[in-house]
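**Student:** What follows is each chain in one-letter form.
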Amino acid sequence: MNADRGATTDISRSSTANTAAAWLWVDHLRGGGTTPWAAWLAAARDADDPRRGDRLLPGAQQLELVRRLNEAGRPAAALVERVLVASAPGRGRQDLELLGAVEPLAFGPPPIDPATLSADDLVRVAVGLIAEDVVGAGDPPREPVKARRWRTRYRIAGDRWLADAMRTELVAQGRPPGGRGAVAAVVGTDLATMVAHDWLASCFSDGGADWTDYCAGMRRRDRLPRRVDLAATAGRWAPELGGPDQVRVVLDPARVAKVVGVRRLVVLPDVAADAAELARRTAGALGILVTPPRRTELMRTVLRPRLAGVPGPRPVVPPEHREWLEEQARLVQRGIRAGGYPVVGDLDALRPRWPDLPAHGLAADDRQPDRVLSLALSLLLDPATGGGVDP
Amino acid sequence: MSERVLLHVGTPKTGTSYLQDVLFRNRVKLLASGITYPAERFDAHFLAALDLMKMPWGGLQAEAIGAWDELAAAVRKAPGTSIISHEILATASRSQVKRALESVGYGAGTEVHVILSVRDLVRQIPAEWQENVKHRAGLSYQDFLKRIQDPERASRIGSWFWGVQEIPDILNRWGHDLPPDHVHLVTVPPPGAPDLLWKRFSTAFGLDGLDLDLEAERVNPSLGVPEIALIRRINRRANKDLHPPDYRPLVRELLAHQTLSRRTSSPRLALPPDVHPWVQQLSESWVAEIRRRGYDVVGELDDLIGGPAVAASDYADPDRPAERQVADAAVDAIKALLLDNARLRREEERLHGELHEAHLALERSYLRPTYRLREKVVRRLERSLAGKGVLKVYRAARGRSSLSA
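Chains as they are written, first to last, in the working numbering: chain A, 3 to 393; chain B, 291 to 695.
Straight-line Cα separation of at most 16 Å, EDC-like style, residue types lysine to aspartate or glutamate; simulated pairs: (1) A:Lys148 x A:Glu171; (2) B:Lys489 x B:Asp503; (3) B:Lys367 x B:Glu293; (4) B:Lys530 x A:Asp224; (5) B:Lys530 x A:Asp215; (6) B:Lys489 x B:Glu590.
Rather than coming from a laboratory, the hints here were simulated on the basis of the structure.
Turn these sequences into a full structure, and let the hints steer you where they fit.
**Tutor:** Have a look at this one:
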């Protein structure tokens with residue numbers, strides 16, 4: 003395949019003038035420079051830099067990521083050095099050579115002009131570093147809370163994005179779930195939102211499929227995600243707790259507080275689709291650094307707060323699945339009625355709501371990788387993680 | 291500290307499973323000869339490689355966390371010679387190679403050797419596609435060939451294939467800092483010399499003269515054309531419904547390895563005749579390059595050129611297999627699944643029997659008069675508010691409450 007690419011050269015021992023120019027570009031980037039490689043090479047083609055000897059140049063992905071960081075802010079020196087030696091986690095193209103920095107290669111992946119790298123190539127490197135930052139940040143300190151003696155006995159199930167956050171908050175207040183005579187609050191909202199919530203929850207735990215594949219998979223199985231099917235969830239809890247009267251299907255999340263015996267309970271806000279996509283990619287990289295339960299914990303306690311304020315629409319179910327989802331909503335409504343579960347709120351609230359969004363409001367459009375990269379850069383540059391300006 | 295470390299970094303499909311199996315099962319004997327193979331489980335070095343390269347692998351990566359540092363620490367601690375071996379290390383990036391070498395003592399007084407076992411592309415290309423199919427891939431042979439011929443290597447298939455198979459590039463990454471005589475190539479001989487490969491491994495790893503148990507327990511058998519075509523069809527039909535933890539025991543092990551690999555009379559998978567000239571030209575350029583670099587070669591470099599192309603009339607295309615042969619293989623596969631299902635049914639019946647016995651024993655204990663009396667009292671108390679209060683006090687006093695979560 004590569005036999006016709008040019009003269010045979012051992013890349014590690016090539017010493018052309020352009021290699022010197024490349025090393026000077028590395029220095030330029032280390033100093034905060036933003037000149038693209040092609041422009042730099044045109045200006046410094048015959049530069050001389052005898053210091054470099056046999057050392058290996060960082061890869062094109064790493065160098066371009068530093069340049070983008072410089073464009074986006076003022077990365078700390080330590081962050082720049084981390085980027086320069088960071089290999090992208092997982093499978094995919096390896097670190098690539100800079101086009102023009104070395105002799106034409108007879109072997110190995112072809113060198114590349116870093117400006118032509120896709121946003122996805124750069125995100126692959128960035129998420130590895132973000133994952134390291136997340137591990138480094140650790141959990142926020144939490145005092146162990148003693149369970150209150152006098153508390154309403156409850157279970158919370160249903161929409162896992164909302165329910166898991168509510169349960170965590172209640173536990174932090176000394177109100178662990180369970181106990182004799184507990185009532186299950188099966189939390190839900192409109193089905194389109196719940197499906198989006200289910201995907202958000204997986205993005206902030208194990209990663210999983212991207213939004214498009216997630217929706218396609220659900221449709222292929224012709225089955226709602228387990229926690230989204232509220233009738234089935236109520237059906238699982240009722241016999242365990244003593245019958246349908248021990249279950250409340252709560253279709254107004256703000257009213258869960260009353261069911262579980264507290265004044266108010268935070269309803270976890272949605273995270274924007276782009277932020278969730280970055281979280282999903284980061285979860286993949288984090289899975290190589292920590293065990294699955296620890297990953298979920300870190301994703302929720304460290305990364306989710308950092309991405310919570312990112313503006314943008316939440317993922318929206320693609321039009322081709324909407325009719326199917328509306329039919330599923332009718333089936334769930336029928337199941338809840340048939341089960342005889344008390345409903346808090348209006349059962350009609352289960353019907354999917356379709357926001358009137360422009361095309362770019364959908365999660366998986368062509369420009370999403372660029373937006374995800376931009377978000378990744380801002381996370382890396384966050385002074386809170388030491389990525390921003392040197393003190 | 292190890293005086294010498296032998297890093298065997300690939301390539302896949304070159305007898306590596308056999309080598310690792312021999313090293314693992316003989317590690318006590320090896321230790322007595324001053325050679326450490328630091329592994330508590332047969333796949334320890336695989337996990338270490340995943341950790342070094344930060345590579346997800348069907349959930350196994352969770353077991354791999356910290357595995358490279360543990361392995362490197364064991365190597366640094368061991369006296370004499372230590373061996374690390376896993377074929378996926380071939381795809382490590384330059385910075386990962388740097389970390390690997392330094393972590394085993396390179397630059398701190400340890401003599402590090404890199405060993406690469408290599409086989410001609412004429413056999414490696416079909417073998418890699420087959421391996422992809424046995425790992426759930428559904429792509430055709432033609433698509434696979436197209437992707438590996440893409441000069442950009444932008445696909446996952448292309449980047450992985452060349453990452454683990456492009457010998458001069460692997461050696462650039464792993465050997466750029468080492469003197470050429472510390473880089474060793476073990477060539478896989480042409481078919482028909484079953485013991486020769488082990489002799490070459492033995493020479494390269496300094497195992498000559500040791501009395502080792504060479505009986506293979508872990509082998510990775512290959513499939514014929516109709517059999518691999520069948521597995522690909524199964525992948526395409528069942529992949530989306532069959533979870534990865536079920537795929538390995540059912541498809542890869544039961545169907546591919548234990549059943550279909552026994553059908554040895556079916557046509558074998560080969561390189562398409564029209565691709566052969568390209569592969570041969572590439573292989574010749576590799577041989578010339580390796581010869582120029584002056585590495586230590588155990589075996590014959592010309593083994594890398596590979597055999598002649600199969601005649602077009604003899605070529606069996608796995609994308610257009612003989613349907614009668616595929617149907618025959620499918621019947622064998624169904625038979626294997628039926629027998630396995632029957633085994634599971636017997637196991638299920640046995641477990642049902644055990645469960646029934648346990649229920650009977652439980653019922654017998656419930657029928658004791660004291661238990662029935664206590665049950666009656668509790669039921670009566672639970673009917674009234676006062677009774678519930680009495681029960682609560684009793685439970686609190688007893689110090690065991692079922693009220694908590």
